[in-house]
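*Asks:* Listed below, chain by chain, are the residues.
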Amino acid sequence: MSVNIFGDQVTEERAENARLSSFVGAIAVGDLVKTTLGPKGMDKLLQSTSTGESMVTNDGATILKSIPFDNPAAKVLVNIAKVQDDEVGDGTTSVTVLSAELLREAEKLVDKKIHPQTIIEGYRIASKAALKQLDSLAVDNSDDSEKFRQDLTNIAKTTLSSKILSQDKEYFAKLAVDAILRLKGSTNLDHIQIIKKVGGKLSDSFLDEGFILDKRFGVSQPKKITNAKILIANTSMDTDKVKIFGAKIKVDATSKLAQLEKAEKAKMKAKVEKIKKFGINVFVNRQLIYDWPEQLFSDANINSIEHADFDGVERLALVTGGEVVSTFDNPEKVKLGHCDLIEEVIIGEDVMTKFSGVAAGQACTIVLRGATDQLLDEAERSLHDALSVLSQTTKETRTVLGGGCSEMNMSKAVEQAAQNESGKKSLAVEAFARALRQLPTILCDNAGFDSSELVSKLRSSIYNGLTGSGLDLNSGDIQDMRELGIVESYKLKKAVVSSASEAAEVLLRVDNIIRAKPRTADRGH
Amino acid sequence: MQAPPQSMEMPDMSNAIVAQDEMGRPFIIVKDQGSKERSHGIDAIKSHILAARQVSTILKTSLGPRGLDKILISPDGEINITNDGATILSQMELSNEIAKLLVELSKSQDNEIGDGTTGVVVLTGALLDQSLELIEKGIHPIKIANGFENACKIAVENLDKIADEVVIHEDLKDNLLPSSDLFKAAKTSLGSKIVSKSHDKFAKMAVECVLNVADLSRKDVDFELIKVEGKLGGSIDDSKLINGITIDKDFSHPQMPKSFEDLKIAILTCPFEPPKPKTKHKLEISTIEEFKNLQDYEQNKFTEMIAKVKESGANLVICQWGFDDEANHLLLSNDLPAVRWVGGSDLERIAMATNGRIVPRFEDLTPEKLGHAEKIREVVMGTTRERMLVIEGCENTKTVTCLIRGSNKMIVDESIRSLHDSLCVVRNLIKDNRIIYGGGAAEISCSLKISEEADKQKGIDQYAFRAFSQALDVIPMSLAENSGLDPIETLTTLKSQQVNEKNSNIGVDCLGNHQNDMKKLFVIETLIGKRQQLLLATQLTRMVLKINDVIISGKDQY
Numbered sequence: 001m002s003v004n005i006f007g008d009q010v011t012e013e014r015a016e017n018a019r020l021s022s023f024v025g026a027i028a029v030g031d032l033v034k035t036t037l038g039p040k041g042m043d044k045l046l047q048s049t050s051t052g053e054s055m056v057t058n059d060g061a062t063i064l065k066s067i068p069f070d071n072p073a074a075k076v077l078v079n080i081a082k083v084q085d086d087e088v089g090d091g092t093t094s095v096t097v098l099s100a101e102l103l104r105e106a107e108k109l110v111d112k113k114i115h116p117q118t119i120i121e122g123y124r125i126a127s128k129a130a131l132k133q134l135d136s137l138a139v140d141n142s143d144d145s146e147k148f149r150q151d152l153t154n155i156a157k158t159t160l161s162s163k164i165l166s167q168d169k170e171y172f173a174k175l176a177v178d179a180i181l182r183l184k185g186s187t188n189l190d191h192i193q194i195i196k197k198v199g200g201k202l203s204d205s206f207l208d209e210g211f212i213l214d215k216r217f218g219v220s221q222p223k224k225i226t227n228a229k230i231l232i233a234n235t236s237m238d239t240d241k242v243k244i245f246g247a248k249i250k251v252d253a254t255s256k257l258a259q260l261e262k263a264e265k266a267k268m269k270a271k272v273e274k275i276k277k278f279g280i281n282v283f284v285n286r287q288l289i290y291d292w293p294e295q296l297f298s299d300a301n302i303n304s305i306e307h308a309d310f311d312g313v314e315r316l317a318l319v320t321g322g323e324v325v326s327t328f329d330n331p332e333k334v335k336l337g338h339c340d341l342i343e344e345v346i347i348g349e350d351v352m353t354k355f356s357g358v359a360a361g362q363a364c365t366i367v368l369r370g371a372t373d374q375l376l377d378e379a380e381r382s383l384h385d386a387l388s389v390l391s392q393t394t395k396e397t398r399t400v401l402g403g404g405c406s407e408m409n410m411s412k413a414v415e416q417a418a419q420n421e422s423g424k425k426s427l428a429v430e431a432f433a434r435a436l437r438q439l440p441t442i443l444c445d446n447a448g449f450d451s452s453e454l455v456s457k458l459r460s461s462i463y464n465g466l467t468g469s470g471l472d473l474n475s476g477d478i479q480d481m482r483e484l485g486i487v488e489s490y491k492l493k494k495a496v497v498s499s500a501s502e503a504a505e506v507l508l509r510v511d512n513i514i515r516a517k518p519r520t521a522d523r524g525h
Numbered sequence: 001m002q003a004p005p006q007s008m009e010m011p012d013m014s015n016a017i018v019a020q021d022e023m024g025r026p027f028i029i030v031k032d033q034g035s036k037e038r039s040h041g042i043d044a045i046k047s048h049i050l051a052a053r054q055v056s057t058i059l060k061t062s063l064g065p066r067g068l069d070k071i072l073i074s075p076d077g078e079i080n081i082t083n084d085g086a087t088i089l090s091q092m093e094l095s096n097e098i099a100k101l102l103v104e105l106s107k108s109q110d111n112e113i114g115d116g117t118t119g120v121v122v123l124t125g126a127l128l129d130q131s132l133e134l135i136e137k138g139i140h141p142i143k144i145a146n147g148f149e150n151a152c153k154i155a156v157e158n159l160d161k162i163a164d165e166v167v168i169h170e171d172l173k174d175n176l177l178p179s180s181d182l183f184k185a186a187k188t189s190l191g192s193k194i195v196s197k198s199h200d201k202f203a204k205m206a207v208e209c210v211l212n213v214a215d216l217s218r219k220d221v222d223f224e225l226i227k228v229e230g231k232l233g234g235s236i237d238d239s240k241l242i243n244g245i246t247i248d249k250d251f252s253h254p255q256m257p258k259s260f261e262d263l264k265i266a267i268l269t270c271p272f273e274p275p276k277p278k279t280k281h282k283l284e285i286s287t288i289e290e291f292k293n294l295q296d297y298e299q300n301k302f303t304e305m306i307a308k309v310k311e312s313g314a315n316l317v318i319c320q321w322g323f324d325d326e327a328n329h330l331l332l333s334n335d336l337p338a339v340r341w342v343g344g345s346d347l348e349r350i351a352m353a354t355n356g357r358i359v360p361r362f363e364d365l366t367p368e369k370l371g372h373a374e375k376i377r378e379v380v381m382g383t384t385r386e387r388m389l390v391i392e393g394c395e396n397t398k399t400v401t402c403l404i405r406g407s408n409k410m411i412v413d414e415s416i417r418s419l420h421d422s423l424c425v426v427r428n429l430i431k432d433n434r435i436i437y438g439g440g441a442a443e444i445s446c447s448l449k450i451s452e453e454a455d456k457q458k459g460i461d462q463y464a465f466r467a468f469s470q471a472l473d474v475i476p477m478s479l480a481e482n483s484g485l486d487p488i489e490t491l492t493t494l495k496s497q498q499v500n501e502k503n504s505n506i507g508v509d510c511l512g513n514h515q516n517d518m519k520k521l522f523v524i525e526t527l528i529g530k531r532q533q534l535l536l537a538t539q540l541t542r543m544v545l546k547i548n549d550v551i552i553s554g555k556d557q558y
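In order, the protein sequences belong to chains A and B.
Note that the UniProt record's numbering has the first sequence beginning at 1, numbered continuously upward.
Note that the UniProt record's numbering has the second sequence beginning at 1, numbered continuously upward.
Treat the hints with care, as some may be off.
Claimed, not checked - Examples of chain A residues toward chain B, derived with CB under 10 Å:
{"#": "1", "residue": "N4"}
{"#": "2", "residue": "E13"}
{"#": "3", "residue": "E16"}
{"#": "4", "residue": "K196"}
{"#": "5", "residue": "N234"}
{"#": "6", "residue": "K267"}
{"#": "7", "residue": "V324"}
{"#": "8", "residue": "D373"}
{"#": "9", "residue": "S498"}
{"#": "10", "residue": "I514"}
{"#": "11", "residue": "A516"}
{"#": "12", "residue": "K517"}
{"#": "13", "residue": "P518"}
Honestly, the hints are just simulated from the structure, not real lab data.
Owing to the predicted nature of the structure, the values given are computational and were not obtained by experimental measurement.
Glycine residues also receive a C-beta, built at the ideal position from the N, C-alpha and C atoms.
Model the full assembly from the supplied sequences, consistent with the hints where possible.
*Replies:* See below:
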């Protein structure tokens, strides 16, 4: 006699089944993004069935975000990739692949009847050993600004080499490093504006020292202003309505209406007069400026820009050193923005306003050019990845070597740790080392080299004490990574190892999956 | 008016239970019998027991430090990974009534004690399982229940006897050392959870939190003062305790200073906006003078508001509502950093922490009502624009915030639940410092005691006592099973060891420490928690055994 305790359509998977379903799901996700790993990784074309839009990308997080998964384990991995993206900005594919590999190894151990908790214990020992090794490998060059800059350029190059920008990585690496160094330690990437314009080739992209606003001056105002004094405002320049709730205008004669209209106009005029008192020659407003006030500004030889959005205003305030203003009674208290030259420039087919020779140079603009929208989108994503990694590196300045070097070194340390463990745990520790070695193996496979051959070469080279060796995926042999300049951020690598082992642990602990009845679109029936 | 329908619709006679009166006319006893389900007598009890058993088998694998987790998928496809009994049960979408009772059971354990929610369900399942055998022997369910009740009494007495006391140091700092009892207790409660990766950190966090807010003289802990905040990103190790308050907001104007010291905080629940009287009103403007007056009024209002705040000496404004653009700028130009849209509960906590008063109107603002704290700073996380404000060095040092980090949502959620559990354990210890030893030691000792008492009983109670003692054995057996040990062998060894060594601290060695004495391993549980488990489980068993007829009326037809 069995009793059904669950509600309608609730399904339950138990013990082995549950474990199997989470392993299968996670490994499938890992295999899905595996081929995009490394400088020779391939891209994915994602097509939306509902809108028909397509996207070409190689960014793990973007791929995973766009695919709807049903498997809970797959969702965990997607989540991990997303967090990696938010925290470090890159390494999303690595983290997914590593956790999938860890689970693949765990599956084998579970088949050997090893308790999942024992595997977890082993994995914890292993990840601790790996992180310790990583820590000892890390190099900090932040004291030497010349060397640090070189480090940053190398990190940018390594990050970009696996992306669409790899053809022009030298150029873009320099671009990204310049942009980041302008931020002077801030990690707020909003200050770097990326403008995409179709047309031209990728290497036509450029970093603009100044600031480019995708807006134009008002009609019939001069196109060029030198020695500009800028007032940045957030105020309504349309009708400036009465804000008191419930106020309503009621008149009983047309003449009165006309008077009121006049009063309204006078109010606006008074506002413009107040603004004039600031002694400015450029007025930038976040909100709309109506024709009449615009005309008043033109008469007063003040150039006006309307409807610059939130980000635009905020960035402009940063670059020009002005304050965002909403009241205009105290001109002496307000800091105005300054810049040497404002002019309209033509990028591609569009006219934009360029502020150059700005007072505070924290913000800057990168203009990306490229053949198609998809290309530009992917270029933006890649550049964003590089910028995020760089900005995080300015905080955590240590670096480690790429090209499978760090992974192999960690794997070595983990294997040594395994030898010191007694009991079943040591099997799990060894499995962790194997999973780490999978990353260089996949790098080789993707580049079309004989992975078994190359990885074992790399392994022997590192075991022989050449801790700087890694895979040179252009020539297909083992090289010193430091010489090749293949450098990655320590924070990135650390996040990859710790998040991946956390994710694997979460999934390993599962022995039961209970799925509630899916909510259906038509409620009630 | 419409005429009522002439004939009533004939009831569906095919399924109805029909009796006949003395005239031979049929009348219906139970209408629509076909759409109703009824089970009664032994069948009903048996099916209930089976349902309860199913629930407890699901939970059984989550018991103990090596218990496993469950993935729960909500109707919207959200996933939740947990091994907290109460959470699992509440999200399982159970339809069976008895199963729902078990959910309630674990909830009440959660509310009272906050820990041991899995254990109580497993114990109930075991008790019901045992009573099934007795029922099959033909023993009346109520008699079984009575016997259980008596056995439970003896078990609870036994618990009191074997209980030990932990030391809570007078000096609060001493309790934070890894050697202190409180610390070790917090650590035990975290053992089975995912956070055991950074075990010491969380244990320390729990103890520090509770001690910070505890009133040791009254033995009272106000959980309102502890806020556990989860934030995605980083690893579990990055979680930390903040002696102050975090607000998940940033300053209202991007150019306000990001950090400054010596705060005088005005806590407002009135918006920096033109006044909006609550009564419905209409303001009609018909002349230019009125229009102008209104404009002046509007502008003066803002300056007035700011002046009021400034007058009171405040240098930080925290407001529940939004700011008008103009007001926002005025705040900036008057050097009044401000935070807007702060939620009600956050506002209360800020007021409590800084000894400030929540002020509903600008007119009421006085220097005495301001809150005081040492420092505020803006913390930026990761590459996205995640920012939060941290207020530190509050005047009322008792408020604490635990900031939990983790690489994904599931980990963060689960860590928050785990931390909550261990907070509860520490709180319970402060309330009542008596403990018993875990790892099934207490259950084994009670089981031995009851089976000893069983032979002294007359009549059916003897059977019930034995059944109760066997049910208690299920806990150490499940612990052993989850740890990959042979359950029967482990249990028998432990039992003989307890009897031979007259040591009631012998329990299951879940973590492979080669040590069975739980006192040495310091695996403890609170006495009140364990007692509650026994009492609740027995109560629920009695309730289930008493039900002998279930009528489920048919679903509404639509």
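*Asks:* Against each hint, give a clear statement of whether it holds in the structure.
*Replies:* Against the structure, the hints:
| no. | hint | verdict |
| --- | --- | --- |
| 1 | N4 | holds (7 Å) |
| 2 | E13 | holds (9 Å) |
| 3 | E16 | violated (12 Å) |
| 4 | K196 | violated (20 Å) |
| 5 | N234 | holds (5 Å) |
| 6 | K267 | holds (6 Å) |
| 7 | V324 | holds (7 Å) |
| 8 | D373 | violated (24 Å) |
| 9 | S498 | holds (5 Å) |
| 10 | I514 | holds (5 Å) |
| 11 | A516 | holds (5 Å) |
| 12 | K517 | holds (6 Å) |
| 13 | P518 | holds (6 Å) |
Violated hints, in rising order: 3, 4 and 8; the structure is consistent with all others.
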